[in-house]
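Undergrad: Residues per chain, in single letters:
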Amino acid sequence: MSSLLVLDNVVKRFGGIVATNGLSFHVDRGESLALIGPNGAGKTTIFSLIMGEHRQNSGTIKLNGEEISNLPTHKRIQKGVARTYQVPRPFSEMDVAGNIRVGMMPDNLWQMITRGADPDGELAIARSVGFRDADLSRKPSELSMGDLRKLELARTLATRPEVMLLDEVFAGLTVGEIEQISHLLAEKRKQGLTYIIVSHDLRALEPLVDRAVAMTFGKAIAEGSFSDVMDDEAVRSAYLGQ
Amino acid sequence: MPRLLLAWAAFAVIMLLLPQVVSPGTLRIIIFANFLAIFAMSWDFISGKTGYISFGHPFLIGIGAYTSAILSYRFGVPVSLSIPLAVLATMIGGTLFFLPALRIKGTYFALVTLAFMELMYQLVQVIRPDLTGGTRGISGIKTILSGAVPNFYLSFGLMFAIALALWLLSRTRIGTALDAISMNEEAVSGSGLNTTRLKLFAFMVSALVAGLGGAFYAHYLGSIAPRALFDINFVFTIIVSALIGGSSTVIGPIIGAYFMTFLLEYLRPVLPGSERYLVYGLIALVLYVYQPKGIMELLRKLGVRAGGGRTGRAGNV
Amino acid sequence: MLQVLIQGFLLSGLYALIAVGFTLIFSVGRVLNLAYGAYLMIGGYAYFYMVQTLGMPKLPGFLFAIGMGALAGVLMYRILVKRLKGDQVAVEISTLILAVVIQAGIVLVFNDSSKILHPIVDGVWRIGSTTITNNILVAMVASWFILGGLLLFVKKTHVGRAMQAVSMDAKGARISGINTDRVNMMTWAISGALGAVAGVFFASYTQLNPSMWVAPLIIAVAVVIVGGIGSIVGTLIVAHIIGFMEIITTTFIAAELRGVFTMLLIIGVLVIRPQGLFGRGDL
Chain H
10 MSSLLVLDNV VKRFGGIVAT NGLSFHVDRG ESLALIGPNG AGKTTIFSLI
60 MGEHRQNSGT IKLNGEEISN LPTHKRIQKG VARTYQVPRP FSEMDVAGNI
110 RVGMMPDNLW QMITRGADPD GELAIARSVG FRDADLSRKP SELSMGDLRK
160 LELARTLATR PEVMLLDEVF AGLTVGEIEQ ISHLLAEKRK QGLTYIIVSH
210 DLRALEPLVD RAVAMTFGKA IAEGSFSDVM DDEAVRSAYL GQ
Chain X
125 MPRLLLAWAA FAVIMLLLPQ VVSPGTLRII IFANFLAIFA MSWDFISGKT
175 GYISFGHPFL IGIGAYTSAI LSYRFGVPVS LSIPLAVLAT MIGGTLFFLP
225 ALRIKGTYFA LVTLAFMELM YQLVQVIRPD LTGGTRGISG IKTILSGAVP
275 NFYLSFGLMF AIALALWLLS RTRIGTALDA ISMNEEAVSG SGLNTTRLKL
325 FAFMVSALVA GLGGAFYAHY LGSIAPRALF DINFVFTIIV SALIGGSSTV
375 IGPIIGAYFM TFLLEYLRPV LPGSERYLVY GLIALVLYVY QPKGIMELLR
425 KLGVRAGGGR TGRAGNV
Chain E
49 MLQVLIQGFL LSGLYALIAV GFTLIFSVGR VLNLAYGAYL MIGGYAYFYM
99 VQTLGMPKLP GFLFAIGMGA LAGVLMYRIL VKRLKGDQVA VEISTLILAV
149 VIQAGIVLVF NDSSKILHPI VDGVWRIGST TITNNILVAM VASWFILGGL
199 LLFVKKTHVG RAMQAVSMDA KGARISGINT DRVNMMTWAI SGALGAVAGV
249 FFASYTQLNP SMWVAPLIIA VAVVIVGGIG SIVGTLIVAH IIGFMEIITT
299 TFIAAELRGV FTMLLIIGVL VIRPQGLFGR GDL
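Here the protein sequences come in this chain order: H, X and E. So the mapping is simple: the working numbering equals the position in the first sequence, first residue as 1, plus 9. So the mapping is simple: the working numbering equals the position in the second sequence, first residue as 1, plus 124. So the mapping is simple: the working numbering equals the position in the third sequence, first residue as 1, plus 48.
Rather than coming from a laboratory, the hints here were simulated on the basis of the structure. Any given hint might turn out to be false.
Residues on chain X that point at chain H, a partial pick, calculated with CB under 7 Å [claimed, not checked]:
1) Ser147
2) Gly149
3) Thr150
4) Ile153
5) Ala304
6) Asn318
7) Met328
If you want a taste of the chain H side facing chain X, the calculated C-beta under 10 Å gives, among others [to be verified]:
8) Gly25
9) Ile26
10) Ile86
11) Lys197
12) Ala243
The following residues of chain E were derived to be distant from chain X, with all beta-carbon distances above 10 Å [to be verified]:
13) Ile141
14) Ser142
15) Ile145
16) Asp160
17) Val186
18) Phe292
Remember, it's a predicted structure, so these values are computed and weren't measured experimentally. No residue lacks a Cβ here, since even glycine has one placed at the ideal position from N, Cα and C.
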């Protein structure tokens, strides 16, 4: 069986800066992968490239064996990738249910007009990330950072992704909230969700992933089990900054 | 839903009984308010919903008005055919209007639409003045009905049908998706939706309404002239109506259009001269700066306070 | 040919003068002031009132116009723009409404008939077969002087450099101890004064009427859009592109089409190169 998502020799330059420098890695179906590296290593850029928010200069990105590099963002989501953002970006004037509703919509104008929303589906997704039923009618401005992260997860899950890209899901959270989100991700992992996760919180990361890729200056420098990668000489020196 | 539908029905009944109680003079004012409401709803469907502000809406309205006027006046095409053709032409024009939205947004998009309107203003006077009537425009366009009462019914019927259709449309998921675009367009495509297609849809609906309104307006007035149509004051009236009433709702632009029209009328006895426009503009400005969400939001807040903090979801009324 | 060249430079000079105040606000405050055209109207009418109604000499008339323009700028900033906290769309919409309000105010005070402004400088010049009025010649020279002076002001004075800093990065400027609010207010005042000066010349070139604010606004918008976020030199260059384009159109194609190409240029540039021909530059 081939891998679910494969990046091969991806290069991305912003002007003179090389953000991604011939990076290759893959994630298998049902696997969870940590992408680690110091600030500015190019982790978020990778997510933007996979989502088509930026285009790579060279290299290939394949999902289920199919090259997706030339697809616009919304098509890639339909193919089964989705991401969350470091800074949650909900639809600010819509309640939780409305935010999930947009995620669940089919990309078909006719169906959007003729078929109504699915409140049960919205509720199910909201519950699956740990919202209480009363939260459905709350607006993003009334939510805590932890709840905003949950909303971000819910909206992303609503697109039914095969692989999810999670960007700094623990940033700005209290210890309790980190625990909650960790628990949630562990649950999703057990249910077979594939994800790639980026976080600075290495301790929270370790139990959530099968494998890790360490990168610096847009290049992979180590790959393997989480503890092996953390013990790697190159990784240590990259983190400590030589 | 049923309660809201009842409210719509009540609104219709009251309006239909109106000719029994008010003078033809007042009816003529309401006819203008009805047309203004149509234009404001059209504007709001692009600008209020998706957040792409149009400063050149008369471009679309003008295509509708001119197409139908030229077809019926110069070529003797019956109104029943010239109006649909005018709507079609407006939708084609709407596609043109849409092109810049693929690349630019915000401030720049607003300005490009303003440029579209100015372009139209100048082209109409220069290109084929034998058809457009040049600077003087066209007069003697066939009117559909005569008299205040029939025209009132016609304009109200048109306005009401458009309002109801747009209201039903914004209650579907497509309404939600368009609202979402104005809040965070990237996240809409991040939800797997083709935002280009959604925006194009909004522009087409808006153009359809503008074309209908423009064509009927030309056949109501019996004459059109470029200076009155492609005028920044006209843009002002449309935008202010939508904003004052309450943007991104359907009833808001209607309330705004009525409010603005009647404000101007009721200022007449108090301020017979041109002070009227000054006061009119100032009221619009203060209302906009004080409550950018418009009268609908003021009413809602009052309602919430009066109802002891009742927080029921009003939805897109 | 000579005639095209001369007229092109004259018109472009006037356009540069019209656009520069608008550019200034756009660079420093990052907002489009759609009531900018109203400064021109205020300036033109203020001058008209002093000189042709009260019969005062021209210089005090000019100073009065400048003062009124600056006052209008300050009031707009204090009362309206500051409240809206840089919400670009809200500023655009509210300044558009304001422009219409000012138009109504002008009608109220001066009624809505057109008024002819006497030339600021009388006499004509002849170069070959071309006749040019001294009035527009002075407008062009004034335009060059004002733009040059503004450039010096921005580069050399403390206030000017603060304006530059705010235009590059308002937050950074604030952290560095610049009172951005004061700088913004100064910019609005200068913009208003520049608009008023341009208004006097523009009105003497065309005429005074309550809807005269639209045409210069469109010129200013065109210059800013085509040039990109405004450098002063960029403004000058683009004013010449547009000025010459209009003169060439008038001379060789048809006078009625002169505005058409300007609009097409705006639309074309916005669609193909939204950042403008010269991109984002410093003041």
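Undergrad: Against this structure, judge whether each hint is valid.
TA: Now the hints, each set against the structure:
Taking 7 Å as the C-beta cut-off, the interface hint given for Ser147 of chain X is violated, the closest approach to chain H being about 42 Å. Hint on Gly149 of chain X is violated. Least Cβ distance to chain H is approximately 41 Å, over the 7 Å limit. For Thr150 of chain X, the interface hint is violated, since its Cβ never comes within 7 Å of a Cβ in chain H; the closest pair sits about 37 Å apart. Checking Ile153 of chain X against chain H: minimum C-beta separation of about 34 Å lies over 7 Å; hint violated.
Among the interface hints, the one on Ala304 of chain X holds; its C-beta lies about 5 Å from the nearest C-beta in chain H, closer than the 7 Å criterion. The interface hint given for Asn318 of chain X is met, as the beta carbon of that residue sits about 5 Å from the closest beta carbon of chain H, less than 7 Å. Look at Met328 of chain X: its Cβ only gets to about 10 Å from chain H, farther than 7 Å, so that hint breaks. Hint status for Gly25 of chain H: violated, given a least beta-carbon distance of 25 Å to chain X, over 10 Å.
A least Cβ separation of about 22 Å between Ile26 of chain H and chain X goes past the 10 Å threshold, and the interface hint is therefore violated. Evaluation of the Ile86 of chain H hint against chain X yields a held restraint, the C-beta minimum of about 3 Å falling below 10 Å. Taking 10 Å as the C-beta contact cut-off toward chain X, the hint placing Lys197 of chain H at the interface is violated, the least distance being around 19 Å. The beta carbon of Ala243 of chain H is not positioned within 10 Å of any beta carbon in chain X (closest approach about 34 Å), and the interface hint is therefore violated.
At the 10 Å boundary, the C-beta of Ile141 of chain E falls inside the reach of chain X, the nearest C-beta of that chain being 6 Å off. The beta carbon of Ser142 of chain E sits about 6 Å from the closest Cβ of chain X, which is not more than 10 Å, so the claim that it is off the interface is violated. Annotated as non-interface, Ile145 of chain E brings its C-beta within 10 Å of a C-beta of chain X; the closest such distance is 5 Å. Distance check on Asp160 of chain E: its Cβ comes as close as 7 Å (rounded) to a Cβ of chain X, failing to clear the 10 Å threshold; non-interface status is violated.
Non-interface call for Val186 of chain E relative to chain X: holds, since the shortest CB-CB distance, roughly 29 Å, exceeds 10 Å. Non-interface status of Phe292 of chain E relative to chain X is upheld: no Cβ of that chain comes within 10 Å, the nearest being about 19 Å off.
Going through the hint list in order, the structure does not satisfy hints 1, 2, 3, 4, 7, 8, 9, 11, 12, 13, 14, 15, 16.
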